[in-house]
Structure formats: C-alpha cells, structure tokens
Amino acid sequence: MQYISQIAFVLTLILAGYFLSKRIRQIRKNILMGKDIDRSGNAPDRWKTMLLVAFGQKKMFKNIIPAFLHLLIYIGFLLINLEVLEFILDGLLGTHRLFAPFLGDFYTVTINFFEVLVVGVMFSCIVFLIRRNIMKVSRFSGLEMTSWPKLDANLILIIEIILMLAILTMNASDQILQTRGDQHYVATGTFVFSAFLMPLFQGLSDGALVLVERFAWWFHIIGIFAFAIYVTYSKHLHIFLAFPNTWYSNLTVPGKIENMPVVTTEVKTMLGMPAEDGAAAPANPDEIGRFGAKDVNDLNWVNLMNAYACTECGRCTSNCPANLTGKKLSPRKIMMDTRDRLEEVGQSLSKGGKGLEDGKSLLGDYITQEEINACTSCNACVEACPVNIDPLSIILQLRRYTAMEESGSPASWNAMFSNIETSFSPWKFAPSDRFNWSEDLKQEPPSA
Amino acid sequence: MSESTYQVPTMADMLARGEAPEILFWVGCAGSYDDRYKQVTKSFVKILNKVGISFAVLGPEETCTGDPARRAGNEFLFQMQAMANIQVLNGYEVKKIVTACPHCFNTLKNEYPELGGNYEVIHHSTFLQQLIDQGKVTLKGGGNFKGKKITYHDSCYLGRANNIYEAPRQVLQALDAALVEMKRCRTTGLCCGAGGAQMFKDAESGKKEINIERTEEALATGADIIAAACPFCMTMMSDGVKNKEKEESVKVMDLAELIAKSEGL
Numbered sequence: 001m002q003y004i005s006q007i008a009f010v011l012t013l014i015l016a017g018y019f020l021s022k023r024i025r026q027i028r029k030n031i032l033m034g035k036d037i038d039r040s041g042n043a044p045d046r047w048k049t050m051l052l053v054a055f056g057q058k059k060m061f062k063n064i065i066p067a068f069l070h071l072l073i074y075i076g077f078l079l080i081n082l083e084v085l086e087f088i089l090d091g092l093l094g095t096h097r098l099f100a101p102f103l104g105d106f107y108t109v110t111i112n113f114f115e116v117l118v119v120g121v122m123f124s125c126i127v128f129l130i131r132r133n134i135m136k137v138s139r140f141s142g143l144e145m146t147s148w149p150k151l152d153a154n155l156i157l158i159i160e161i162i163l164m165l166a167i168l169t170m171n172a173s174d175q176i177l178q179t180r181g182d183q184h185y186v187a188t189g190t191f192v193f194s195a196f197l198m199p200l201f202q203g204l205s206d207g208a209l210v211l212v213e214r215f216a217w218w219f220h221i222i223g224i225f226a227f228a229i230y231v232t233y234s235k236h237l238h239i240f241l242a243f244p245n246t247w248y249s250n251l252t253v254p255g256k257i258e259n260m261p262v263v264t265t266e267v268k269t270m271l272g273m274p275a276e277d278g279a280a281a282p283a284n285p286d287e288i289g290r291f292g293a294k295d296v297n298d299l300n301w302v303n304l305m306n307a308y309a310c311t312e313c314g315r316c317t318s319n320c321p322a323n324l325t326g327k328k329l330s331p332r333k334i335m336m337d338t339r340d341r342l343e344e345v346g347q348s349l350s351k352g353g354k355g356l357e358d359g360k361s362l363l364g365d366y367i368t369q370e371e372i373n374a375c376t377s378c379n380a381c382v383e384a385c386p387v388n389i390d391p392l393s394i395i396l397q398l399r400r401y402t403a404m405e406e407s408g409s410p411a412s413w414n415a416m417f418s419n420i421e422t423s424f425s426p427w428k429f430a431p432s433d434r435f436n437w438s439e440d441l442k443q444e445p446p447s448a
Numbered sequence: 449m450s451e452s453t454y455q456v457p458t459m460a461d462m463l464a465r466g467e468a469p470e471i472l473f474w475v476g477c478a479g480s481y482d483d484r485y486k487q488v489t490k491s492f493v494k495i496l497n498k499v500g501i502s503f504a505v506l507g508p509e510e511t512c513t514g515d516p517a518r519r520a521g522n523e524f525l526f527q528m529q530a531m532a533n534i535q536v537l538n539g540y541e542v543k544k545i546v547t548a549c550p551h552c553f554n555t556l557k558n559e560y561p562e563l564g565g566n567y568e569v570i571h572h573s574t575f576l577q578q579l580i581d582q583g584k585v586t587l588k589g590g591g592n593f594k595g596k597k598i599t600y601h602d603s604c605y606l607g608r609a610n611n612i613y614e615a616p617r618q619v620l621q622a623l624d625a626a627l628v629e630m631k632r633c634r635t636t637g638l639c640c641g642a643g644g645a646q647m648f649k650d651a652e653s654g655k656k657e658i659n660i661e662r663t664e665e666a667l668a669t670g671a672d673i674i675a676a677a678c679p680f681c682m683t684m685m686s687d688g689v690k691n692k693e694k695e696e697s698v699k700v701m702d703l704a705e706l707i708a709k710s711e712g713l
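Note that the protein sequences, when read in sequence, are chains Y and G.
Those letters in the first sequence? Residues 1 to 448, per the numbering used here, in order.
Those letters in the second sequence? Residues 449 to 713, per the numbering used here, in order.
Derived from the structure by calculation, the hints contain no laboratory data.
Quantities reported herein were computed from a predicted structural model and do not represent experimental measurements.
Careful, some of the hints might be misleading.
Derived pair list, reagent style DSSO-like, types lysine-lysine, alpha-carbon separation capped at 27 Å [what the hints assert, rightly or not]: (1) Y:K62 with G:K631; (2) Y:K428 with G:K649; (3) G:K631 with Y:K59; (4) Y:K256 with G:K543; (5) G:K655 with G:K690; (6) G:K656 with Y:K136.
Chain G extracted, bound-state conformation:
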C-alpha cells in the first residue's frame, strides 16, 4: 500500500479525476451517524483499502434509501428518496454497490429496479466471503478469535428476506472460531425487534422486549461474541447484552470488525 493514510474517495473525487470505481460502498445512515456502527464502516473501509479494491462512497451526497419510510407506510416519502438516490447513482453510472446494512441492501437490490435503479447490489457479508474465497483476505490461523465461541444472529433482511444464510457463517468459519447456533436460527431466526421501522419508535406494550428475548437466547449458547451483520441488530443486541449486564464478557461485533481485527487492522 503506497498511501500514507487510509483512502476514502468519494464518487465526486473520482469523477473529478476522470476515474470510475469498481464498486460503490453504500454506507447508510447508521453507518454514517451511529457511533457504534461507524466503527463497522471504518473496519470495512480498512479491509477495502487492504485488499486494494477500487471503491468510492457518495459521502455527503448519500441519503436515506427510504426503507424505514416504506415499512412504516409512507410510500410517498420512500419513492421521493428512491428517485433522488437513483438520480445520483445513475448520474455516476454506478454498476455495483456493496453495503453493510441489510435494510439498505434489500431496498437497493429489490425495490429500486422498479423505479429505474438497476445495480448489482451485494451485502458486505457476501462480499467478505468472496474476498476470503478468492484468497484476498487470508486469516492467519485464527489469530484473535481462535477457539472463541461465536454465535451468529441472523438479520431478517438478509435471511428470510433475501435468503442469505451461509455467507455470514462462512466468514465466521474462516476465523477458526467455534460457531455455535442459537435455538432459533436461519429460517426460524428470531428478529432483534428493530425491523419494519420499529428502530424508530418505542415497542408496543407487551410483556417483554424482543431484543431481550433474543439476547437471552444468544447468551444461552455461552458464546463470547455475538456476531451481527446489521446496524439495527447491532444496536438491539448490544442493548440487550447491557440490560443483562454482560457487556464485559460478551461482545456484539459485526463481521467486518471481526475480519479487520483478526487481520490486525
């Protein structure tokens, strides 16, 4: 790597230099503003730098995909957001998008085409798995996580919504850690409680919070690390672990963070 710092080029920078990146990294609102998920964004950017892939972000030009608006029923707002984003993406002639947010992923991949936005969209779990498969990311004999117990919490918008169950697990297996499954996993995985715009309101009254139910299930595996691949799951599971006062012994981490960490990044 010839650069002296990490590079985070924007599409505008690239265009000004007359270049076009191979891939656009769609950061998402949580990845941009949420303090915890900014760590994931940075880890992923470090990996992108390390493997030397030509990428760019939209930077200040990125806006909400409209996912929470659509799920909450505000179709007008969703489509306004979608149209605006599609204009920007098409303006830069974007072909391929990677994102660390399953909600952005689902919206960009499945819901933008009908509105004129056609891109190859992949989630960062699939992207990381491909890097590992291609030998671009080689984890030296487990490193930090060898022998650690990790459980993977399926994001609904990756799993049931898009049928992505194996890629995140294959990434974890590359860490040489012991992967333990929760009772409800894959197609029967229990939601963290934040999907469908629940992230942006209080839960309806009930006898328990969904994230507590899910955290209890994760803790029951005896895992040292709860691996997540979604900003909302990250928040919900972290809150759950805090509620159970286990934050010292159990960490909630994203796949990109685990890979970056084991690479010493």
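Just chain Y, same shape as in the assembly:
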C-alpha cells in the first residue's frame, strides 16, 4: 500500500516535470525567436536592480495598499514553498512530516509561521478579488481586458485560496490524528490557525480522518504542480520571469533610444565616411532584414521576455497620457498583443504550421497604427512597471518599420521629415533665418 502511494507520487512528479519542462522549452524557444541584443556586463548593477526591483518589490511601493497585499502573497509564495520540499521528500520516501523529528520545537514554530503566511495569502487574495470584481478598480479594465485576461486573474486568486485551504485542512486533520495514537502521525505541537478548523473534523472516524488528511496532502501537492503548469500559460508567469526580466533591464537612461548600427553603416557609406571596424557591413545585404519591427521575430529577445513577464496589472496604461485622454494606445495591450502573437507563432511552428508566414503580423493584425502613433515617448509606462518592462521600445520599433519600410507615417510626420531634410528644422523656416533671433539682442544695451 505504501509503495503504491510512493509509485503514484513518482509518476505524478515525472508527469508534472514533463509537461512543465516541455512548456518551459517552448517559451524559451519563443523568446529566442527575437533578435539578439547585448544586455551582458554590469553584473553589480544587474544584481542591484534585480534585488531591489524583483526581490525587494521596490517599484510596487509607489502605491502602498496593493504593495502590502502583494507582499503578503509574495512572501507566502517564497516561504511556504519551502514546505514543498518536505512534501516532495515525504512523497518519495513514503514518510510523513520528515523534518518534524529533526527540527523538534523549531518545526512547530516554522509550521505556525507558515500558517500565518497562509492566512495572509488568503486575506490578500480575497481583497484582490474584491478589488477586481466588486470595487472594479479602473486599471483592471480596458479594451484589452477581455474575458480571458479577467478569468485568468480571478482563477489565479481562487486557485491560491483553495491551495491555502488545503494546507489548513491537512494540518487540522493531522493534529486530530496525532491525538488518536496513530504512530504515523508524529506529534508536532499545536498549529494555531488550523486548530480553528479542528472542530469540523472531530466527529470523523480515524479512517475518514486519514482520508481527509491524505486527500488534502495530495490535493495540495498536485495542485501546486498543476498550478505551476497553468502559470506558464497565464499572465502569472511574472512570479518567475520578474527575476530575469529585471536582471536584463535596460541600465542606460530611459531617454536613450537603441541605436541601429545597420543604419549607421549605410549613412556612413552615403556620406563617404569610413565605417568603423566593429560595425562591418553584413556580407550579404539580404541578412540585414527589416528596418524596425513588423512582427515578433523583428523585436529583440528582451522585448519578447518582457511580454511573458507582464502580469497585466495595468500600471503602465493607467499612467499613459495617451490612454488617460481616451486614445486607443494602451502599453499593456502592446505587451499582451506581443505575447499573444508570439504564442500563436510558437504554437504553430511546434505543430509544423506556417508560423510567421501565416499572413498575419504583430503590426496590423494585433497592434494598429493609431495606437503606436499616439505615443508621446514620455516613459511613464516604463517608469510605472513594477518589473521593468519597456513597452516604449516595442512601440518605437514598430514606428521604425512604418517610417522606413512602408513610408506609412502620418502625413504631418512625413512633412516634418521633409522639412528636416530640406530646411534642417522640423518646421518649414529658411535655414538662413535661424540666427535672426539674435538681431535685436545685438542692438540692445545690457541692463545692470
């Protein structure tokens, strides 16, 4: 009997590992569809950014209430998962609460501490459900917040509450079994919060209690595995990707736009300037590819990782001046569209489908010109993102494609371009008049 449960556990673990690793490989492959971008070096700054922003939740604390509630879930996630180690070892070895005899009183303290976190997580999840569904906090709605993103958000919260309930049920039934002289259930001392649930199970027979305890145990561990797989299809992937995402943050000032060395080479050739050694022209001009981005593979891999790291919180959109004044642009939608398109292409390729050649593209079928034309490049979205996602980078690359490959910029921009070309100013003034402003100053006697 005991071996059966151990075998069942090993099979569950293998199955979960298989699906999870398959999905991780798929996501990795999707992200690597992006162009290369150098985000190496600066390790001390990268550590600092990751520790402050992801680990330390620094940017969350601009808004204290959600920050505190989120912190409860985050700490719960980090610490309660330590208990999963015991779960897995118990499952493999056929033991029960393997660490209890070794840790003694400290085990009681630890599990009690976990129970505090469990209650904290449940509290936060309930408040979050209220904020989303009853208070209807405005940043959780918007054009892109269709039925799936809303359901996804609610499912995550509900699953977390149920997983926490499983822990409490398991601990409550375990504590009763400890009093009934079953050697298997080692004495652990009182667990404060689950003790409140004990009256619910007192009336049950030993057998029924064991059933409840085992069910809760299996439910929790399978729930965690299933949730881990679910997360890879969900906005909730930020729990893992927040870390690499902040590590590979753009460490230069946000005002600087990524240079296009291919253009530099061409411009230097046009001006008859020697190209620098480092920026040698590509051997085959066909390898240059597109200028700017039309589809996901034209973006860089950091843009694509950003898309998977987005948890759709909407801080970007609620700070976007264009969105605030009713324009179609929503930085969150830019990230969600990028992810949806990338998933579509990736899924298609893994089934031997057409992938990128399916006649669709990110710009046009997902993101419209009207959206990208509304951006003021003000960096409010970049500043607002708690995990350092950069929607502006994607917007600018889509604009580059529009301007350079399609000459499809708004007419006034095309006029501005030709003003710069012919008059060296975005306005149509005579270049010879540029210094006229100084004329009357040169007549004016200085005061004081």
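Once you have looked at the hints, place chain G on chain Y.
Here is chain G on its own, set in the frame of chain Y:
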C-alpha cells in the same frame, strides 16, 4: 560689462579670432524659430552675458538634432542629421554644450556618443542651478516673484528620461517664490502631450487633449506661474492656459526667463 550691446558670438566668429569658447549654447529649432521660445533663448543669452561666461552659438550652422525624426521612426534621417551635426561640433572641437531644450539635451547627451559625438552636455536648468550655487547669479531677496505661487511642470525628457528633477526646482526655490507641486509630479509627472514627435502632428482621436488635462492639473494648484523648462511643454501649456482663458492671470514661463526677469535683465 564693457560691451555696449549683448554679445552673441558664433563659433565661426570665435574661430576667426583664434578663440575657443568655454561652452557652446545649443539653441535648438524652437529656440531659433518659435516666437515664444526665442524669448527664452534671449533671456538665457542675457544671463550668459551677465555672468560673463565665454560662450558661443553655432548660429546658421546649427541644424535639427534629429530627435523628432528618430522618435517618429525615421532612423535614417536622424542619423544623417546626427552625423552632420557631429562633423560640425567635432570640427570646432566642442567640449561642453548647454541647451534650453530637453529633447536636444537628451539626443546630444545620450544618443550622439555612439555616433562619434562625445561632449559634456548639460541642460540649462542644471546650468542655472550651478550658477546660483556658485554665487554667480544672486537673486536679491526674491524680487519680482517673492511670495508668488509657482508650479513646475516636469519635462519628460528631463525627468523620467534623464532623472533631472531637482535642478529646476532648486532654481525656482532661489526665487523665493512658493513652489507648489501638482498631483502628478517628478517620476509620475504627466506629459504635456508633445513628446515623441507629437508636436508635429495632430493628436490621435480621444476624449481629451493631453495638454488640457495637464493644464487643468496645473491650474488646480492655484499657481500664478507655470514654470517649464522645455519648448514643447511651453507651447502645450500656453495653449492649455489659453484654452482655459486664464492667460491674463496665469503665465507660463521658462526658468531662464524667471531668472532673467528677477535679475532685471
């Protein structure tokens, strides 16, 4: 000051005299052509004259940095402009640049180095703050602005883009005015609506203009003066104030104008 008029030497003038200025004042297209921002340019030149710093401008040799082209996606045009400007700047062996335009500032400072243009670039708000700190500009007990309520509108290209939030505020504090903040300020400051080449096209359709939203926020502070440090913000906020028919009671002014005015220049 020994000269009988304000001096606005060009780099070419200086070179002809065998001199090199300490600093190049990059005027920018708005500072050169926009009637309102020409006032800012002149105020800043008056301050430079007053403190007796050796400076020069490029005059007719200056051209657009390429910022709006790059933000609108035309990388070729941006780089053509950048290369041409860098050739001129390097030709004059320019070391230090000051500009009153945050867009020019950002481009010159952050985007030219990769293309071969390496200069120490500072925005005029930082420059003015340094003059005040060094005692080169001393404001006599507040002067014109003592007790006036001033609110400062953060330019995105100074603030979020380049992390310059305090220098402009310190300049305003030197005026002895009452500095009041808008609800959205510093890192959460709301854009005027003109960045990212929006200055050069109509806004996309929506329910409101961004500059109106921002102007309402500025007016809500009860400020007499909306201080700006960017030509585009200046235009957008001035238009917003006009739209609200408040141009008689609320002025939109640049930092350089405020300093020049309180110095009696």
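Cross-check of the supplied hints:
1. Between Y:K62 and G:K631 the CA atoms are separated by roughly 14 Å; this keeps the pair inside 27 Å, and the hint holds.
2. Of the supplied pair hints, the one linking Y:K428 and G:K649 holds, its CA atoms being roughly 14 Å apart against a limit of 27 Å.
3. A hinted pair counts as satisfied when its Cα atoms are at most 27 Å apart, and G:K631 with Y:K59 qualifies at roughly 19 Å.
4. Between Y:K256 and G:K543, the direct Cα distance comes to roughly 20 Å. Compliance with the 27 Å bound is thereby established for this hinted pair.
5. Straight-line distance between C-alpha atoms of G:K655 and G:K690 comes to about 19 Å, which keeps the hinted pair within the 27 Å bound.
6. Taking the CA atoms of G:K656 and Y:K136, the gap is near 23 Å; set against the 27 Å cutoff, the hint holds.
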